Amino acid sequence: GESVGLHLPTLSVQEGDNSIINCAYSNSASDYFIWYKQESGKGPQFIIDIRSNMDKRQGQRVTVLLNKTVKHLSLQIAATQPGDSAVYFCADPGGSQGNLIFGKGTKLSVKP
Amino acid sequence: NAGVMQNPRHLVRRRGQEARLRCSPMKGHSHVYWYRQLPEEGLKFMVYLQKENIIDESGMPKERFSAEFPKEGPSILRIQQVVRGDSAAYFCATRRVGTDTQYFGPGTRLTVL
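Residue numbers (this note's numbering), protein chains in the order written: chain W, 1 to 112; chain X, 1 to 113.
Bound-form chain X, shown alone:
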């Protein structure tokens, strides 16, 4: 049973470019959370989605960041016009409906030059 998958694992972008991060949940998991981790820090919640719905985006910056979880395909976290401060590890976590435990993917490490 495959775990949570994220790609790419590493992403390098220049300032002003766009970054697209993908997350494929575990089989049977319909809830997706995105977190950001700065070096030497804990993970910070960004956004929570269910299929075709954004449930809570209170942790996500209002500008340049967006997320989606379409009916088919992976969840995508999109960062437009990246800046150096966006450099971080981005993790998604997924869970099954009716449960509390979230399982994490390996993360995407974004570096903005």
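Bound conformation, chain W alone:
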């Protein structure tokens, strides 16, 4: 069945370093992906999205890369800050009516 999952459940980085969070998907027909950030006790917050006609998209300190050949996408956070500590989810609105399919998430911890 369709799934969207993340490679690592936790990631610990030093403040100022770059972070890379990976995600694999199984549905070749998926054409749109969204990264969300969820801080403790809060709802998921939209970070950045990418459509399948793109390989890369950049935001403020974040970059998403999409490799359709191996069905993999990654979220890169430059100069990681303590405020980046959260759980990061990739999501695919590939459900029957556009509902999001989430992986379990990667918990990013930033060490000062």
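These aren't lab readings, by the way, just hints derived from the structure by calculation.
All values reported here derive from a predicted model rather than from experimental measurement.
Keep in mind that the hints are not guaranteed to be accurate.
Unchecked claim - Derived pair list, reagent style DSSO-like, types lysine-lysine, alpha-carbon separation capped at 27 Å:
# : chain 1 : residue 1 : chain 2 : residue 2
1 : W       : Lys42     : X       : Lys27
2 : X       : Lys44     : W       : Lys104
3 : X       : Lys27     : X       : Lys71
4 : W       : Lys107    : X       : Lys62
5 : W       : Lys104    : X       : Lys62
6 : X       : Lys27     : X       : Lys62
7 : W       : Lys107    : W       : Lys71
8 : W       : Lys42     : W       : Lys104
9 : W       : Lys42     : X       : Lys51
Dock chain X against chain W, hints included.
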């Protein structure tokens, strides 16, 4: 511009009671999705509604759970005769017609004693 609003933020119920969770979409958003999140898990789709219509309830348990999105007022997720296994965070997400991006509310954390 206010974001998606949910209330209450925290709800405690005893087994057998009813829980009502409310979601007010962002301005201009007419599509509402409800998701449930268990501890240390990702979010799981429950139901998708547009004004006065349930479009897809395939993720919602057939018994005890119901949802509505009336012409006026917030969307409501209702859980009757709650059990301990219903304890979770419930999030709604909304989007504008013709777009894909869903924006989430802060969630309601339901605890069943």
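For this structure, which hints from the list above don't hold up? The structure breaks hints 4, 6; every other hint is satisfied.
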